[in-house]
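Novice: Got chain A sorted already, so can you dock chain B onto it with the hints?
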Amino acid sequence: MAPLKYLYSTDHKVIGLLYGFTSLCFLLVGFVLVIVIRWQLAFPGQPVPYVAGLLGAANAPGGIVLPEFYNQLGAMHGTIMVFLGVVPLAVGAFGNYLVPLQIGAPDMAFPRLNLASYWFYAAGGAIMLASFFLPGGAANNGWTSYAPLSDLAPGHGQTFWLLGMLFIIFSSLLGALNFITTIVQLRAPGLTWFRLPFFVWAQFVTAFLLLLAFPALQAAALLQGMDRLAGSSFFLPSGLAVSGQALDVAGGGNALLWQHLFWFLGHPEVYVLILPAMGIAAEVIANNTRKPLWGYRVMVYSVFVLGFLSFVVWAHHMFLTGMGTAISAFFQTTTMIISIPSVVILSSLILSLYGGSIRFTTPMLFALAFLPMFGIGGLTGLPLGLATTDIPLHDTNYVVGHFHYLVAPGTIFALFAGIYHWFPRITGRMMNDVLGRIHFAGSLICMNVIFLPMFVQGLAGVNRRLWDGGAEYAHAQGVLHFNVPMSIAAFGLAFFQLFFIVNLFMSIRYGRRVDTNPWEATTLEWNTGTAPVRVYRDPYDYSVPGAKADFTPQYERAEA
Amino acid sequence: MHTLPYTTEIRPDTGLTNPKLGIWLFLASEVMLFGSLFSAYALLRSGAASWPDQSAVLSVPLATLNTVILISSSVTMVLAWSGARAGRMDRFRIYMGLTLLCGAGFLAVKAVEYGDKFAHGLLPSTDNFLALYFTMTGVHAVHVLAGMVVNAFLLGPGARMWRSEPERFTNRVEVAGIYWHFVDVVWIFLFPVLYLL
Numbered sequence: 009m010a011p012l013k014y015l016y017s018t019d020h021k022v023i024g025l026l027y028g029f030t031s032l033c034f035l036l037v038g039f040v041l042v043i044v045i046r047w048q049l050a051f052p053g054q055p056v057p058y059v060a061g062l063l064g065a066a067n068a069p070g071g072i073v074l075p076e077f078y079n080q081l082g083a084m085h086g087t088i089m090v091f092l093g094v095v096p097l098a099v100g101a102f103g104n105y106l107v108p109l110q111i112g113a114p115d116m117a118f119p120r121l122n123l124a125s126y127w128f129y130a131a132g133g134a135i136m137l138a139s140f141f142l143p144g145g146a147a148n149n150g151w152t153s154y155a156p157l158s159d160l161a162p163g164h165g166q167t168f169w170l171l172g173m174l175f176i177i178f179s180s181l182l183g184a185l186n187f188i189t190t191i192v193q194l195r196a197p198g199l200t201w202f203r204l205p206f207f208v209w210a211q212f213v214t215a216f217l218l219l220l221a222f223p224a225l226q227a228a229a230l231l232q233g234m235d236r237l238a239g240s241s242f243f244l245p246s247g248l249a250v251s252g253q254a255l256d257v258a259g260g261g262n263a264l265l266w267q268h269l270f271w272f273l274g275h276p277e278v279y280v281l282i283l284p285a286m287g288i289a290a291e292v293i294a295n296n297t298r299k300p301l302w303g304y305r306v307m308v309y310s311v312f313v314l315g316f317l318s319f320v321v322w323a324h325h326m327f328l329t330g331m332g333t334a335i336s337a338f339f340q341t342t343t344m345i346i347s348i349p350s351v352v353i354l355s356s357l358i359l360s361l362y363g364g365s366i367r368f369t370t371p372m373l374f375a376l377a378f379l380p381m382f383g384i385g386g387l388t389g390l391p392l393g394l395a396t397t398d399i400p401l402h403d404t405n406y407v408v409g410h411f412h413y414l415v416a417p418g419t420i421f422a423l424f425a426g427i428y429h430w431f432p433r434i435t436g437r438m439m440n441d442v443l444g445r446i447h448f449a450g451s452l453i454c455m456n457v458i459f460l461p462m463f464v465q466g467l468a469g470v471n472r473r474l475w476d477g478g479a480e481y482a483h484a485q486g487v488l489h490f491n492v493p494m495s496i497a498a499f500g501l502a503f504f505q506l507f508f509i510v511n512l513f514m515s516i517r518y519g520r521r522v523d524t525n526p527w528e529a530t531t532l533e534w535n536t537g538t539a540p541v542r543v544y545r546d547p548y549d550y551s552v553p554g555a556k557a558d559f560t561p562q563y564e565r566a567e568a
Numbered sequence: 159m160h161t162l163p164y165t166t167e168i169r170p171d172t173g174l175t176n177p178k179l180g181i182w183l184f185l186a187s188e189v190m191l192f193g194s195l196f197s198a199y200a201l202l203r204s205g206a207a208s209w210p211d212q213s214a215v216l217s218v219p220l221a222t223l224n225t226v227i228l229i230s231s232s233v234t235m236v237l238a239w240s241g242a243r244a245g246r247m248d249r250f251r252i253y254m255g256l257t258l259l260c261g262a263g264f265l266a267v268k269a270v271e272y273g274d275k276f277a278h279g280l281l282p283s284t285d286n287f288l289a290l291y292f293t294m295t296g297v298h299a300v301h302v303l304a305g306m307v308v309n310a311f312l313l314g315p316g317a318r319m320w321r322s323e324p325e326r327f328t329n330r331v332e333v334a335g336i337y338w339h340f341v342d343v344v345w346i347f348l349f350p351v352l353y354l355l
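Each protein sequence line maps, in turn, to chains A and B.
Under our numbering, the first residue of the first sequence carries the number 9, and numbering increases by one thereafter.
Under our numbering, the first residue of the second sequence carries the number 159, and numbering increases by one thereafter.
Excised from the complex, chain A in its bound form (with noise of 0.2 angstroms):
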């Protein structure tokens, strides 16, 4: 059986694939699941058309979605394209595809271990699908599930869940590891700290926030778990009371635990988010301007800085919680100095491109629209990370908006810079342009759609979890009718991602073959030599002044 050995290979580049399709697979699913949401909130009540059927009539009877499968749908998108789609293609397929061979290792330091990796965050995602089909369906209480409520809602999905995301998490540690250990072990000879490239370095940080921030989110699912399934109070507060019903639980617990556990991890997540991204932006642009990274140093400094400064961040989540002043105050400081090295990697990235012969590539006009979208996602965050400003912008479409610039036009857009990009490294055939710029162009004029109107719906006060989108609301009046255009602007989304994955698979076949370094790179990824390769000189060593070509290899010697 051919395609089975691929299941069972050790091969880094063979779990590189196999992360990357299962996660691309994911986030159409979570894609799936919001264009349902789009139609909820642009024609709430009305039954959603052609896919009805599918939806399940106890979810959807005649097609039209209930509250309760509302709710499913807002915390199972996003639970998979955090957990499932984004990081697994970021950090499981990008980095175990390119970090060993971009540090010249013949593999993983642990090649077992990352087949167990991919298998674990497999039947993680699995189990996280299969609670659809669950009665009472998937977790509904949101991707945070914040206790008391997700500690008591009924049915199983939440319990699956966090069955789930126990899976996830114990494959993120393995895959954290393993990167970890590779960077520093198997780094070619001659291949120092400061000549990796810096895709490598992102990765390194990020490999760190995944070992040392989930296992507080592995922590706080046990305790739910023990609180859902053995009747414990972790997070019911004394003389709760549901439903007018004083609750009968032995009480004592701490509603706030749940939430710092959470955010814990789920700060440092955004950032596992981000650093492969601006990995990924770096190595395309410093390929299509021809010329070395401005700042590669302080880009790696402000790198680990952000690691760092990631871990003492968390609580701005938690501004509306009531948690008091002086604590409020502490992550309101810590979240403006996290913004100077997010501000000093996305500055250096712009400053390379000054005085650059910039070549418009597919991946590079992938990695240009990052640069502003991801500016526009990280400024309007200012105003969530300080207390006074956040308490009326919280939980409302605002920061729905702003963290989906971040993550939609920001980071997924840096992932499919790096698809096109390194799609030639993996099948020695180029993608499609035509198709790859119209399916630029169409995502980039829709997601601007979809996501700047959510900031005005936010000022205005809109909630971002209400099934009718706010109809019931005297104060969302005058700005509900952005919705439809947003979801038309969604659906559209949806057509011109076809043209990516048509794309995608007839290039497999049909694409234009090319040489083994069609981009003209330098770093030793591109190196498609069997000799183990010894490292001579910087990653981005592009218009050497002297040099015989604009681009000289780290693999090749120094002309003496």
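Take these hints with a grain of salt, some might be off.
So, partial list: chain B residues that the calculated Cβ filter (under 7 angstroms) puts toward chain A [to be verified]:
(1) L162
(2) L191
(3) A289
(4) T293
(5) A304
(6) F349
Here chain B is said to cover these stretches of chain A; the calculated rule only asks that three of the stretch's residues, wherever they fall, bring their Cβ under 8 angstroms from a Cβ of chain B [what the hints assert, rightly or not]:
(7) 257-264
(8) 459-467
Hints are computed from structural coordinates only; laboratory data are not their basis.
In this text, a Cβ means the ideal position worked out from N, Cα and C, and glycines have one as well.
Specialist: Relative to chain A, chain B alone:
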């Protein structure tokens, strides 16, 4: 396809082998897991209106016995490793066997303790102290069990590697030992926090 370097030999500039760095990173993650549980303990206890007298609810003599058992097992683990390193497989087998026996003894005592609590109707739903006790010792017991599985593998089918790659086998015993000591250290924190404080 080249073979992976530094699986047994030390990389000169880092001074580490891959497995040794890997296990320390794994333990760093474990520290965060148990650290989160200890933080939960601190937060819940400091916010509690009343807290039971821990040493009256739990059995301090049994836990002391378990502490002695687990520390002894750490000693035998080191002796097993030094036996393997000296090329004395007979000593390795005896001490690794003793380590496994101590692990089993620890879990048996734990089972007696749990059974006694259940018999008296003391459950995770009784109060948050007991809930923390069961969760934290439960997670720890799972770690003991996992260590025993690894140790049993090294004593049983894994010992074949001794003949083909003795150095690599010794490294495996050392790495398993590092994990085993960590599990021991976690208990040394759990014992006073749950039984004595």
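Novice: Given A304/B was flagged as interface, is its beta-carbon under 7 angstroms from a beta-carbon of chain A?
Specialist: Check failed: Cβ of A304/B comes no nearer than 12 angstroms to chain A, outside 7 angstroms.
Novice: Given a cut of 7 angstroms on the nearest C-beta pair, is the interface hint for L191/B held or broken against chain A?
Specialist: With a minimum Cβ separation of about 4 angstroms from chain A (threshold 7 angstroms), the hint on L191/B holds.
Novice: A closest beta-carbon separation below 7 angstroms is what the hint needs, so does A289/B meet it against chain A?
Specialist: holds, 3 angstroms
Novice: With chain A as the partner, please determine if F349/B meets the hint condition of a C-beta pair closer than 7 angstroms.
Specialist: violated, 19 angstroms
Novice: The hint names T293/B as touching chain A; please verify it with the least Cβ-Cβ distance against 7 angstroms.
Specialist: holds, 5 angstroms
Novice: So, L162/B near chain A? Judge it on the closest CB pair being under 7 angstroms.
Specialist: Holds, because the Cβ-Cβ distance from L162/B to chain A comes to roughly 6 angstroms (cut-off 7 angstroms).
Novice: Would you check chain B against the stretch 257-264 of chain A, counting CB to CB pairs closer than 8 angstroms, and say if three or more residues qualify?
Specialist: holds (count 5)
Novice: Between the stretch 459-467 of chain A and chain B, are there enough contacts, at least three residues with CB-CB distance under 8 angstroms, for the coverage claim to hold?
Specialist: violated (count 0)
Against the hints set out earlier in the document, violations occur for numbers 5, 6, 8.
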